[in-house]
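> In order, the protein sequence lines correspond to chains B and X. So the first sequence is numbered by the working numbering: it starts at 1 and just counts up by one. So the second sequence is numbered by the working numbering: it starts at 454 and just counts up by one.
Note that these hints are calculated values from the structure, not bench results. Keep in mind that this is a model prediction, so the values were computed, not measured. A few of these clues could be false.
[Unchecked claim] Covered stretches of chain B (chain X as the covering partner; in silico rule of three or more C-beta atoms under 8 Å from a C-beta of chain X):
{"hint": "1", "stretch": "328-336"}
{"hint": "2", "stretch": "369-377"}
{"hint": "3", "stretch": "431-445"}
[To be verified] Derived Cβ-Cβ restraints for the label pairs, each shown as a range:
{"hint": "4", "chain 1": "X", "residue 1": "Ile-992", "chain 2": "B", "residue 2": "Leu-18", "range": "53 to 61 Å"}
{"hint": "5", "chain 1": "X", "residue 1": "His-955", "chain 2": "B", "residue 2": "His-408", "range": "30 to 38 Å"}
{"hint": "6", "chain 1": "X", "residue 1": "Tyr-881", "chain 2": "B", "residue 2": "Trp-424", "range": "45 to 53 Å"}
{"hint": "7", "chain 1": "X", "residue 1": "Val-953", "chain 2": "B", "residue 2": "Ala-29", "range": "43 to 51 Å"}
{"hint": "8", "chain 1": "X", "residue 1": "Ile-964", "chain 2": "B", "residue 2": "Tyr-324", "range": "31 to 39 Å"}
{"hint": "9", "chain 1": "X", "residue 1": "Leu-939", "chain 2": "B", "residue 2": "Trp-424", "range": "49 to 57 Å"}
From the three backbone atoms N, C-alpha and C, an ideal C-beta is built for every residue, glycine too.
Residues per chain, in single letters:
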Amino acid sequence: MLLYFLIPWMFLILLPWLPQAKTRPLFIAMALSDTLQAIFGLSLGQSFHGSWWPSLGLNIALAVTPFSQPLLWLNGIVLLSIACTNQSPSRDSVFWLSLAYSGVSLAFLSRNLLLYFLGFEIAVLPFYLLVRKEGGTDRRAAALYFLAFSAIAGMFLLAATLTLVVHHITTFDSHVVPRTLQFSVYGLLLVMWAIKTPLWPFHLWLPRTHGEASTPVSMYLSGVALKVAPFGFLSFSSMLAPAIHHASSLLALWGALTVLLGSLLALGQTDLKQTVAQSSIASMGYVLIALSFGTSLGNQAAILIMIGHGLASPLLFLVTSRIYDLIGSRQIQDMTGLYQKSPALVSWLTVGAFAYMGIPGLALFPGEFGVVMVALQRDPVILYLIIPAMLFMAATWLRVLARVHFGHLTRSTSNVSSRTGSVWSAAWLGIPLILIGIAPIWWTHIWNWGGLK
Amino acid sequence: MLGFLILTPLIVGTLGIWVPFKKMSGVIFSISAALFAFCLQSVIYPSHQDSRWNFLTLGGYPISLHWQSVPIANWMACLTTLINLLAQVYSAGYFSHDARRGYFQSVLLAFTGAMLCTVFGDNLFTQFVGWELMGVGSYLLIGYFRGETSARYAASKAMLVTRIGDVCFLIAVALAVIHHDNTITAINLHGTAFIAWALIGAVAAKSAQGPYASWLVDAMAGPTPASALIHAATMVAAGPYLLIRYTLLLHHTPGGLVTLMILGGSTAVLAAMGAVGSQEIKKLLAFSTVSQLGMMILAIGMGSPRTAWNLLVAHAFYKALLFFVSGIASYRAQSGLLSRMAGSLHRFEFSALFMMGALGMSGLPPTGGFLAKEALYQTASHGLDTLMLDLLLSFLGGAYTAKLVKALIPVKAPPVHRTSYGMLIPSYIISGLVLINFFWHPWVSVRPIFIEQTWPSLLSIGLGATVGAFWTIPFPLLTGVLYPALWRRINQLAGWTVWVDHTLVQGTLTIVTVILWANRLVRWGGSGRAQRYALLSGIALLAIVIWNIHV
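Assemble the whole structure, with the sequences as input and the hints as a guide.
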């Protein structure tokens, strides 16, 4: 387990001393070895305890749980896909991405409250710098938006964590949280979840950041970094069970509202990258609906959506950037007849779009099905919000497909021929997306969720 | 073994869509033939087969794909694979010069696989998976002619409109899983009324009933072999098939059967009128499909699923035949308009192929359509209202068939274009099946029909034919004018959401700006210069004085 952390840290230490030409191969090597380590080296029940700052309650307590394991795999796969698809990464961006990666890994593995906070914060600053340094024309404002929202969320998380630490609750495994304390902690955390998940109307940072961020940053941010906050919900849920139980219907309603408004927002976009970004809001709304009830069905559904979204969303960001390379535009109406130029890209776009539409055989379907089950079981009223949202989401992606699949190329395309290598790079994300969609039982069996006879 | 039957076409078809490989047509032909052979063997030598695959266990609820061969499923699968095989052969002729033929055939094959998944499915989840994949398949098939705007519109509309039903279906599935109703029998015995209603909603959308009818009429933008498969034995036919499987559930759902009767009956009448008013051959056939599907649902609503099944089988044969022939005719006439089609068929083709289909469609002997219609007539004759409805349907059916026949009557000069055998051979085979269906009925035994009792329906068909042959006024029915309006409304709604977002951004910006200005003011005042301090204090003092003036 320590090796899993050691690889990215060694890489971070070595990176500034390496020549620029070696950056990409080493980045790939690091991502590959750490992904392999995540898949084969980490197994359920492994844990590590070390004392760091006992008087503060900050100790190194790491453990692999049934819910962190899939997310760690996702973390590795997304980083690997970024490493492989990024043709000429600058050393800076590689450094900050790897730092964010190690922070996210720490947050996923941590069983200590303050350690989780540390991981959470390590995964914030790099994105600010990355957007600020390598974004589009309006990158300064976007980076500031991201930082401001994240910093406020971080403050609330810190307040909640410190409240617990003051009462000598330092790990996620403790079961004794006084009832009065629970509700104030839950309230503080709710603000953090609302901002970082995000829930409407605290989502404003997300489309703005994605609008300006470079492709690898968008991929990693929406693929993995977005899952740190909902994963925190899972970690906190055991100790805050009564508070979660009380607030569940409210939170589910909020989540459903987010799903509905997120799909409508996605439908209202004319820019493909914005469409992908806004669709994320809808997907994360599903995650919070699933989590809000604290049942095992809901938690598993939430993880499945996180995995599906964590693969579909980076895939679509990647495809969007390749389309931009080809036609020099991200506007959906400029993509008419794209199939003539690059059928392979259109295929991958179709896969991603169908995943968002919830077609069986792709990774988002099992999770969404789980959410419908949870909703029917606990709070059928929210189905009135989810059903139109599903239709709007279908409309959103059909509108995109209606452009790329039909018509004739009107826009003069750039001379950059679609490099076959870059087209197949989508397979890094697309193939797991399909594999998980076809046979989710294999994966849930490996993650020890039970059920396979 | 059953699992292989379903997965082979799905996997090979999907692969073919993605990666075109050499000799694809040959591989697909042989798989189609093998599928049909297998299904035929399983109806001749029935054996109980069962394939179960655990898809997922979520929170302790098992969700599994479960296929089971029961007699009706075997027959339906046989029908589907047969029409698929014929459509594959037909498309070899239809697309003989098209480079994307392999792609088309792959989609057709995968589509058939999805239908088989629904047909053999023994729980709602399995049927739902096939149902959804059929939706994807229909999107690709209808949108085959990518250069045409009509194809884009029709494909998107088909997917989106059927999606409304799919969401209903999804909720039914989730409900069944939660209640541990994991087989069709369990759902039939103690499924809740909600499942029944959700299924009715799902079937209405997929089988183009009621307000959903227009997607199927627009779907004519797709190639003819695809239309033949979609109309005859997959996708839209899956709706009545599903309801036949869940008849018991519908029986103990209060109001369920009556709703089906009203839905099916009204759609059948309206669509038949739409067919009478059509100017294009494919549109006429599409309207007639909607009408015939309405009759099947009407039959289920009247409590006679066997009649519905008879209608389904007869319809599958004659509608596939009519599509095949209409494809040949419009290929020769270079037009799909009824007014330009005269003389596009040889005399022999007209009598041996086209008239068989037309007789079947109107419900005249010697075809399976006659027997199915008479069975419907017998079922309907229990009540005066249903009897009148059935006679009206016969009248309208006769009318639109007469219109079609009139348009295609051969003239002296034979058609100039030659047609490949790939298109003709499947037509002859299926024409023979329409005839055979007159004597032989899969799965059910038909009640004896006394020829002297059939005169009322025959009379109304004849009357309808007389009227229809001279009718030229179009009926603007079931055209789906509401959908573009609905689409605009949805986009408006999306626009408002985006506007709210912008307003929120502006609001946040305003707050930030105010804070920044306050910050600047404090820094400017607190810079240590006495003048600024005095000025600010003076302004503040003045403000307090003004505030406190009471005149």
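> Could you run down the list of hints and mark each one as holding or not?
Consistency of the hints with the structure:
{"no.": "1", "hint": "328-336", "in the structure": "violated (count 0)"}
{"no.": "2", "hint": "369-377", "in the structure": "holds (count 6)"}
{"no.": "3", "hint": "431-445", "in the structure": "holds (count 4)"}
{"no.": "4", "hint": "X:Ile-992 x B:Leu-18: 53 to 61 Å", "in the structure": "holds, 60 Å"}
{"no.": "5", "hint": "X:His-955 x B:His-408: 30 to 38 Å", "in the structure": "holds, 34 Å"}
{"no.": "6", "hint": "X:Tyr-881 x B:Trp-424: 45 to 53 Å", "in the structure": "holds, 46 Å"}
{"no.": "7", "hint": "X:Val-953 x B:Ala-29: 43 to 51 Å", "in the structure": "holds, 47 Å"}
{"no.": "8", "hint": "X:Ile-964 x B:Tyr-324: 31 to 39 Å", "in the structure": "holds, 34 Å"}
{"no.": "9", "hint": "X:Leu-939 x B:Trp-424: 49 to 57 Å", "in the structure": "violated, 40 Å"}
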